[in-house]
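2 protein chains.
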Amino acid sequence: MNKERKEICLSGSGGQGLILAGIILAEAAGVYDGFEVAQTQSYGPEARGGASRSEVIISKEKIDYPKVIKSDILLALTQQSCDKYIKNVSEDGILLADSTNVLKIPSFSGKVYQHHITDDAIKVIGNKLVANIISLGIIVQLTDIVTKEAIKKALMNRIPVRVKELNIKALEHGFEVAKKL
Amino acid sequence: MNKERKEICLSGSGGQGLILAGIILAEAAGVYDGFEVAQTQSYGPEARGGASRSEVIISKEKIDYPKVIKSDILLALTQQSCDKYIKNVSEDGILLADSTNVLKIPSFSGKVYQHHITDDAIKVIGNKLVANIISLGIIVQLTDIVTKEAIKKALMNRIPVRVKELNIKALEHGFEVAKKL
Numbered sequence: 001m002n003k004e005r006k007e008i009c010l011s012g013s014g015g016q017g018l019i020l021a022g023i024i025l026a027e028a029a030g031v032y033d034g035f036e037v038a039q040t041q042s043y044g045p046e047a048r049g050g051a052s053r054s055e056v057i058i059s060k061e062k063i064d065y066p067k068v069i070k071s072d073i074l075l076a077l078t079q080q081s082c083d084k085y086i087k088n089v090s091e092d093g094i095l096l097a098d099s100t101n102v103l104k105i106p107s108f109s110g111k112v113y114q115h116h117i118t119d120d121a122i123k124v125i126g127n128k129l130v131a132n133i134i135s136l137g138i139i140v141q142l143t144d145i146v147t148k149e150a151i152k153k154a155l156m157n158r159i160p161v162r163v164k165e166l167n168i169k170a171l172e173h174g175f176e177v178a179k180k181l
Numbered sequence: 001m002n003k004e005r006k007e008i009c010l011s012g013s014g015g016q017g018l019i020l021a022g023i024i025l026a027e028a029a030g031v032y033d034g035f036e037v038a039q040t041q042s043y044g045p046e047a048r049g050g051a052s053r054s055e056v057i058i059s060k061e062k063i064d065y066p067k068v069i070k071s072d073i074l075l076a077l078t079q080q081s082c083d084k085y086i087k088n089v090s091e092d093g094i095l096l097a098d099s100t101n102v103l104k105i106p107s108f109s110g111k112v113y114q115h116h117i118t119d120d121a122i123k124v125i126g127n128k129l130v131a132n133i134i135s136l137g138i139i140v141q142l143t144d145i146v147t148k149e150a151i152k153k154a155l156m157n158r159i160p161v162r163v164k165e166l167n168i169k170a171l172e173h174g175f176e177v178a179k180k181l
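Heads up: the protein sequence lines correspond to chains H and V, in order. Residue numbering for the first sequence follows the working numbering, starting at 1 and increasing by one per position. Residue numbering for the second sequence follows the working numbering, starting at 1 and increasing by one per position.
Next comes chain H alone, as it looks inside the complex:
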């Protein structure tokens, strides 16, 4: 991706670790890859009722206006979040949909990638909670938005020691999945 400013929206439902995924992606870009980064989550009536999201803006320039207007990349781990946030994706953007939960892809002019991410988290990695990290792996492999070294360092920095191995396995599984998409 060669744009000066890239906006990523990570969406799903509460408890899927999307805030953590946003923080990891933001640290990878800002602390390890040297970009300017703003990472935001919103709460309130809009966030209630299922769909939640975490937003990351990665820029070569100082970020004066940190609100995500049009996402370049949307991760959707649930049907509800996909239906809700697809409207905010730019026309030539990317949608990564978890086909375990997103059974119907909304009308969208950009590029669509689908993979049964949650199924893989359960069956390949053995823990449903790492769907967020598999997703990060897929996004990084597909888009080069941050380097693999940076995302690994940021991941290691943000998760407890006892689940490090599990999470690295999930991240690397994401890399491999994306190579076949």
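Because the hints were derived from the structure by calculation, they are not lab data. All clues given are correct.
Note that identical chains are pooled: a pair holds if it fits in a single copy or bridges any two copies.
Computed cross-link-like contacts, DMTMM-like style, restricted to lysine to aspartate or glutamate with a CA-CA straight-line distance of at most 20 Å:
id : residue 1 : residue 2
1  : K104      : E91
2  : K179      : D119
3  : K87       : D64
4  : K84       : D64
With the hints as your guide, set chain V onto chain H.
Structure of chain V alone, referenced to chain H:
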């Protein structure tokens, strides 16, 4: 605080748990107290070199512009972050400085509160890492920015089971400290 929109800046150095504190405060306000909330952290050259911050905007109205312009409340856990972010506090704002680390209060027209927060984390609670949670307790007691019920629920929701007791103790210690400030 009766303003329609309140902006809180939680600052210190990396590793002091300020992102987590921001997320807990944001969830308290947005999920449990029913406000519109945006919670942001920035990374990049500006954030490197010690001073780090996490920002929370709490509003009765939809937040169209989530960038913190002037903080109403600044928490400063280090001298460096205090010196750096005091410039962004509104003239009638509040500074809460951790006097364990902030030895010199910069010139400021607003209200200043000082307490040896990190000392208390170590000596009263027994863990340096809860300075962030003591700080939240002090801020909530001083400003009523969210309800005590909401901050407790959000805290319980965001920390591992094994450190719940420690964190509740830290939060309640913050309430008590603030009553004497």
